[in-house]
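Build out the structure end to end from the sequences listed, making use of the hints.
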Amino acid sequence: MSDGLYRRHALASFLEGETGNGPENTAADLEVRPDYGYLNLRGEPNSERFMQTVQKTLEQPLPAEAGAFTSGQHTIYRLGPDEWLVASELGTENETAGRLAENLAGQCYSLVDVTGGQIMMRLRGPRAREVLARGCTLDLHPRAFKAGRCAQTTLAKTSMLIALADDAPTFDIIVRRSFAEYAARWLRHSGASIHSRVTPVFTGAGGNPVR
Amino acid sequence: MREAGVDIFHGCVVAGVSGRDGVRSVHVVSMSAGAGAVNGGVKTVHCDLLVMSGGWNPAVHLHSQAGGRIEWDDARACFVPGAVRQDHVSVGACNGSFSLDACLEEGKQAGLEAARACGFEPVPFSTPEAGREPPGAERPLQPLWSIPLPQSPLRHPKQFVDYQNDTTVADVYQAVQEGYRNVEHVKRYTALGFGTDQGKMGNINGMAVLAECLDKPVAEVGTTTFRPPYTGAGFGPCAGAAVGELYDPVRKTALHHWHEAAGAEFEVVGQWLRPWYYPREGEGMHDAVARECLAARRSLAIMDASTLGKIEVHGPDAVTFLERIYTHNVAGMKNGRCNYGIMLGEDGMVMDDGVMARLGDRHFYLTTTTGGAARVMGWLEQWLQTEWPDLNVYLTSVTERWSTIVLAGPAARKLLQGMDTDIDFGRKDFPFMTVRSGSLAGVPVRVFRVSFSGELAFEINVESDLAPALWQQFMAAGEQYGITPYGTETMHVLRAEKGFVIVGQDTDGSVTPLDLGMNRLLSKDRDYLGKRSLVRPDCQRPDRKQLVGLLCEGGRESLPEGTQLVERPGGAPPVPKLGHVTSSYHSPCLGHPIALALVSAGRARKGDVIHAALRDGRHVPIKVVSPVFYDPKGERQHV
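Residue numbers (the numbering used here), protein chains in the order written: chain A, 59 to 269; chain B, -12 to 626.
Treat the hints with care, since some could be wrong.
Chain A side only, calculated, beta carbon under 10 Å to chain B, not exhaustive [said to hold, decoys possible]:
1) L63
2) R66
3) N104
4) E106
5) R192
6) G193
To list a few chain A residues with every Cβ distance to chain B over 12 Å, as calculated [to be verified]:
7) E89
8) R107
9) G265
Just so you know, the hints here were simulated from the structure itself, not pulled from any lab data. Yeah, the Cβ is synthetic: ideal placement off N, Cα and C, and Gly gets one too.
So, in structure tokens, the structure goes:
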């Protein structure tokens, strides 16, 4: 990139106003994570050829079950019967997309780079479940929603892709870009409602949402 | 109490109250244990307050609302939950068990049972010993539904049973005398239990009085239906956290902070905040919009159009699918070609519009209106998933992935050619209504040469995180051309000067493409959604409202949007209406106001003078003209 070019995170203005004040008990930490490129992949799950090509190219299994994700070099979320979201380190998505397109040539599929269109936040802490449950109709009880599961569901007045990474619990929450500020405000408010603090912190390289 | 000087009367009841605007005294009479009659001996006690205890009543409402039966319990003199219809159980006070021990025990048993029912092995635990109430410590209730007086109940002094609706014992007896027997009928005749407490205070008493009057057991008289809510629900619990900044999501574009710093006024469009106009020091809206309009017409202006809905369409059946949705010739579009497209509802009415670009043989890109983005995506998916599952087509929303920057004005090409880019912006290589991909100022972009202003214009799609940097590069490079940011108001003026409609402003769900004069966009040799509706006789009526332009005869008068149009002033009401003004602006480049309107048989009226009926009673003569006020041949956008 030439001089004068920089990336500005969707929550840059919002994070500037963050003071970190609030109740003292920490319910959960809210990390605003910037460093992903996203590819939306659609294709026929019953086509052995399609599944094999993708898995070989990504060197990672595609989640076979509904509502599951796989981790590795990429995190691959199954969004629907014929739709996956592939999250990779920012800057590598172009190359990944190129390889997929090359190997899938002639097959019926759709591959769309949606980088910049979604924001990932990581909510981690003992009361993370409570914080989320106040605005989510999905049953988040450990019995019903285990680590390795993901789902597209509601978060108060917006929607999210939610994935449970581990039993800390650590929830990865992906929202559409323009709803990120609302989601972050809502999560902070939900924490305050149970007298606990949810402080959004930017965890990107250099800690600066504008770089 | 006695030591404090309070008189206590055993075996007595209050048989009457005196006072005009409040309680002044009560009359106490003694009563025998059987409650059959009062024993005279009236004693008057001066006081200003009378308090009554109604005893305990289980809140059986939820049980009843869940379909459970209610049973009368003579010993406790109250209704208690009977058989259930759903999987629920009442415990504690709402089950008629008023002692703490009983409450704890019932709660524990119900909890254990619920756990078992869910397939869990309950962990045994013990409840705390309450132990304050030895069995039988409380003497059984002696119900007293009304004070027996010597005269007939109908002649009694007022004995209120419903303290909210002032229903009396006499009212209940009156109802029975009128022939009402069913408790639901008596309720409606007397208004018993109709107050805001929904009978919580007086219903049991009222029903028992009714039972006495009918000489039936209370169990047989039964109870009225318990309807939710048990208590009024406050707005607070309904609203929850959805107040203030959390009332509704506020969607901001990737360039929002720049607009704010530039002093923009914002307009709410759907959930989005869009720059409306950018007033400079001392400028009002009118001045700012005029300056922005002239910049676009004379040199160079820049706008954030990121809120447009954007959808990518992939798949071997993409053309087939889009030809069913859109009205124009999709198959004939070459790769790299853009087309204006409209989609119709099944009723043939214009539903949404936007630009369609063909990015490959099986690859298209669509834009939708800002407010229609979600609706259109749902509409497309609905047809794909429920009606045409045989089509191999995939849709992906890219609204948020791309930010869209519009450069409009005669200097737009020069600006872009002066930047570091691998795209040939030359007139021949990048003609009007085409799309190019490449790199601009070091970032990957998709550039659409389309125009909503009628000027030479380029719409640049860039990844949202990079949009602020690219915008700033445009601002710096455009300084020599007087680059001017413009907002939605100027966008509206520019498009109205060109007669471009806004779906939802110039249309209202009752407007066909024929009404808008878009016949050229309608493919003749194939079917599409809404096509059949267009040949209905009503859609073919020559007097349908059609899109036209309006000019005030010689005047400078700006017509308010929504103004009704009539043939001539005066006439006896009801005056036939010809239509209404849908858009109205002052046109800075023409120097006079312009308006778009839907007018009955409008196209045939071109050149005619009709009248605008203003709210102050005046009628202004106006001329019906073409909706294209500026550059009717479209030469400016083709340069």
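Hint-by-hint comparison with the structure:
Checking L63(A) against chain B: minimum C-beta separation of about 5 Å stays under 10 Å; hint holds. Satisfaction of the interface hint for R66(A) is found here, the shortest Cβ-Cβ separation to chain B being roughly 5 Å, below the 10 Å cut-off. Because the beta carbon of N104(A) sits about 13 Å from the nearest beta carbon in chain B, more than 10 Å, this interface hint is broken. Proximity of E106(A) to chain B is violated relative to the hint, the smallest CB-CB distance being about 17 Å (cut-off 10 Å).
Among the interface hints, the one on R192(A) holds; its C-beta lies about 8 Å from the nearest C-beta in chain B, closer than the 10 Å criterion. A distance limit of 10 Å between C-beta atoms decides the matter here; for G193(A) the minimum to chain B is near 8 Å, and the interface restraint holds. Every CB of chain B lies more than 12 Å from the CB of E89(A), the least distance being 18 Å, so the non-interface label holds. A cut-off of 12 Å between C-beta atoms confirms that R107(A) is not in contact with chain B; the least separation is 15 Å.
Every CB of chain B lies more than 12 Å from the CB of G265(A), the least distance being 16 Å, so the non-interface label holds.
When the structure is compared with the earlier hints, violations turn up for hints 3, 4 and for no others.
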